[in-house]
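Q: Single-letter residue listing:
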Amino acid sequence: MADSAPPKPIPPVWTQLGERLTPRRWLGPVALLGPAGLWLLLLLVIPTLLILEISLVPGLRLGQPAGGYGLDNYLQILQPVYLRVMGRSLLFALGSTLLCLGLGFPVAYWLALMSPRRWRNLLLVAFILPLWTSSLLRAYAWITILRSSGVLNTIFQLLSLPPQNWLNTPTAVFIGLTYSFLPYMVLILYASLEKLDLRLLEAAADLGATPRQQFWQITVPQTLPGIAAGSLLVFIAALGDFVVPTLLGGASSMNISRLIYNQFLGPTRAWGFGSALSMVLILAVSLAIALLLKYGDRSTVTETSQ
Amino acid sequence: MASSAKVTWQSLLAATMYGFMYFPIIVLAVYSFNASRYSAGWEGFSLKWYRSLFQDQRIFSALIDSLTIAFVAVGVSAVLGTMMAIGLAKYRFRGKGLYRGVAYLPLIIPDIAIAVATLVFLTSVAVPLSLGTIIVSHIVFCLAYIAVVVSSRLQNLDPNLEEAALDLGANPFQAMVRVLIPQLAPGILAGCLLAFVLSMDDLLISSFTAGGGANPLPLEIFSRVRTGVKPDINALSVVLITASALISGAAEYLRYRSERRQRELG
Chain X
0 MADSAPPKPI PPVWTQLGER LTPRRWLGPV ALLGPAGLWL LLLLVIPTLL
50 ILEISLVPGL RLGQPAGGYG LDNYLQILQP VYLRVMGRSL LFALGSTLLC
100 LGLGFPVAYW LALMSPRRWR NLLLVAFILP LWTSSLLRAY AWITILRSSG
150 VLNTIFQLLS LPPQNWLNTP TAVFIGLTYS FLPYMVLILY ASLEKLDLRL
200 LEAAADLGAT PRQQFWQITV PQTLPGIAAG SLLVFIAALG DFVVPTLLGG
250 ASSMNISRLI YNQFLGPTRA WGFGSALSMV LILAVSLAIA LLLKYGDRST
300 VTETSQ
Chain L
53 MASSAKVTWQ SLLAATMYGF MYFPIIVLAV YSFNASRYSA GWEGFSLKWY
103 RSLFQDQRIF SALIDSLTIA FVAVGVSAVL GTMMAIGLAK YRFRGKGLYR
153 GVAYLPLIIP DIAIAVATLV FLTSVAVPLS LGTIIVSHIV FCLAYIAVVV
203 SSRLQNLDPN LEEAALDLGA NPFQAMVRVL IPQLAPGILA GCLLAFVLSM
253 DDLLISSFTA GGGANPLPLE IFSRVRTGVK PDINALSVVL ITASALISGA
303 AEYLRYRSER RQRELG
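Protein sequence lines, in the order shown, are assigned to chains X and L. Numbered by my numbering, the letters in the first sequence go through residues 0 to 305 in order. Numbered by my numbering, the letters in the second sequence go through residues 53 to 318 in order.
Just so you know, these hints were derived from the structure itself, not from any lab. Among these hints, one or two may not hold up.
Unchecked claim - A short, non-exhaustive set of chain X residues, derived as facing chain L with CB atoms under 7 Å: (1) Val84; (2) Val106; (3) Ser134; (4) Ile142.
Owing to the predicted nature of the structure, the values given are computational and were not obtained by experimental measurement. Quick reminder that beta carbons are idealized off the backbone N, C-alpha and C, glycines included.
Model the full structure from these sequences, guided by the hints.
A: Put into C-alpha cells, the structure is as follows:
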C-alpha cells in the first residue's frame with residue numbers, strides 16, 4: 000500500500016538521505032517499509048475487511064453455504080438478550096475506568112509531587128512492575144482470594160465481618176479489571192502530573208486559594224488531557240477484556256469479548272454474528288480513540304507507551 | 053513539596069494501593085507452598101506442588117511451544133519492526149499516515165477482534181492451523197510494539213552521525229548497520245522484551261490460531277484454571293513471575309541506563 004506512492008525525503012532533519020540512498024528513490028522506502036507493510040496487509044487489513052464482509056452475510060455458519068448480503072447479523076445484536084451483554088460490557092468498562100481514575104489519581108499525585116525525589120523513579124517502576132507478569136495468572140490469583148473459602152473471607156472472619164461470595168459476580172469483575180489496568184492509569188497520570196506547573200499552585204496559594212480550590216481549579220484542569228488519555232485507554236482495554244470476566248465473573252458476566260469467543264470457538268459457530276459483534280467492538284474502540292485524539296493529550300500517550 | 057517525614061492521607065492511600073497491586077502475587081506465592089489442596093487455611097509447608105509441576109509433561113511441552121513462538125515471532129519482528137520504524141522516520145510519501153495508522157492498530161484494537169479476523173482469514177485461504185500460524189499472527193502485534201519503542205528512540209537520535217558516516221564514504225547500508233542500528237540497539241532490545249512478554253502472555257490470538265497443532269502455555273493454564281484453583285498452577289505462577297521479574301528488571305535497567313546516557317549527552 001505504501002509501496003506505490005513515490006517518496007519525498009524530509010528536508011533538513013533527515014538530510015535528504017532518501018535521495019542519496021539510491022538513484023532510484025523508491026528503493027529505500029520499499030525495502031524498509033515493504034516487508035512489514037505486506038505482512039500487515041495480509042494478516043491485519045485483509046482479515047479485517049474479510050470479517051466486515053462476512054458480518055454482512057446473514058446467519059453464516061461454518062461449513063454451510065452462504066446466502067446473500069444483509070444486515071441481519073447487526074439487527075440480531077438488538078435483541079434484548081444481546082443488548083444486555085452490550086450494556087454489561089459498557090458498564091464493566093465505565094465502572095473500572097472510574098475506579099482506576101479514583102484510585103489511581105491519588106497514587107500518581109503522591110508519586111509525582113510528594114514522594115521522596117530520590118526514590119521516585121524506583122517507586123513508579125515498582126507500581127507498574129506487575130504489568131510484566133502474565134495477565135492470566137494475575138486474574139487467576141483473585142480466584143484464590145475471592146472464592147467463598149478464600150483469603151478474603153478468612154480475613155473477614157478474623158475481623159468478624161460477614162463472609163462475602165464475590166467470585167462469579169460482577170463485583171469480582173470490577174475488582175479484577177481495576178487491578179489489571181490501574182498501572183496504566185497511574186503511568187499516564189504521573190506523566191501528566193509531573194509536568195504540572197507548581198508556580199501556578201504557589202501563585203494561587205499566595206492569592207488565598209484553599210488547597211481544595213487549588214486542586215479543582217488548577218491541578219485538575221492542568222492534568223485534564225492526561226485524565227482523558229488514561230481514562231480512554233483503560234476504557235478500551237476493559238471493554239475488550241476476555242480473561243477477567245471469564246475467570247472471575249462466571250456465567251452472569253457475559254460481555255462482548257466472551258460472546259464473540261463463543262460464536263467462534265463455542266458450540267454455536269455463528270461466524271456471521273460473531274463478525275458483526277467484532278465490527279461493533281472495533282467501532283466502539285475507534286470512537287473512543289477518535290475522542291482521545293480530539294480531547295486527549297497525544298504527547299502523554301506516546302511518552303508513556305514507550 | 054510536603055516533607056517526606058509527614059504521613060499524609062495521600063501517602064497512606066498510595067501505600068494501600070501498592071498493597072493492592074502486590075497482594076495477589078504474594079497470595080499466589082504463599083499458597084504455592086501450602087500443603088492443602090482445597091482449604092484457604094495454612095496446613096503446613098510443602099514443595100509437593102513444585103514437584104508435581106516439574107514432572108508435568110504437558111506443562112513442559114506447552115512451555116516449549118510458547119518459547120518457540122515467542123522467540124521466532126520476536127526475532128522476525130525485531131528485523132521488520134526496526135526497518136519499519138526507520139522507514140517511517142526517514143521518508144515522506146503519500147499514504148504514510150494510513151501506513152502508520154495500520155501499523156499501530158494492533159496496539160489499540162482488542163485482541164479478540166484481531167484473533168477473529170486472523171482465524172477467518174486463515175480459514176478462507178485454507179491454511180491449516182498450527183504452531184506456524186500462531187507465530188505468523190503473533191508477528192503482527194510484536195511488530196507494532198517494537199516499531200513504537202524504536203520510533204520513540206529514533207526521535208532522540210542525532211542524524212548528523214549517519215550523515216558523517218556517509219560523508220566519510222560509507223554506503224547507505226553500511227551507515228545504517230554500523231552507525232544507526234548500534235545507536236538504536238537499546239530501543240530494539242527494550243521493544244523485543246516487551247513483545248516477548250506479550251507473546252508469552254497472549255491467550256486469545258493463540259486460541260484462535262492454534263487449531264489442534266499446538267498448545268502454548270496460556271492455553272494450557274486457561275483450560276486448567278477455568279474450573280477453579282489448581283495448586284500446581286500456583287507453583288507455575290511463582291516460577292513464571294520470578295522469570296518475568298528478571299526480564300522486566302533487565303528492561304527497566306536498560307531504559308534507565310539509556311535515559312541517563314541521553315541526559316549526559318544532551
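Q: Hint by hint, say whether it matches the structure.
A: Hint by hint, here is what the structure shows:
no.	hint	in the structure
1	Val84	violated, 13 Å
2	Val106	holds, 5 Å
3	Ser134	holds, 6 Å
4	Ile142	holds, 6 Å
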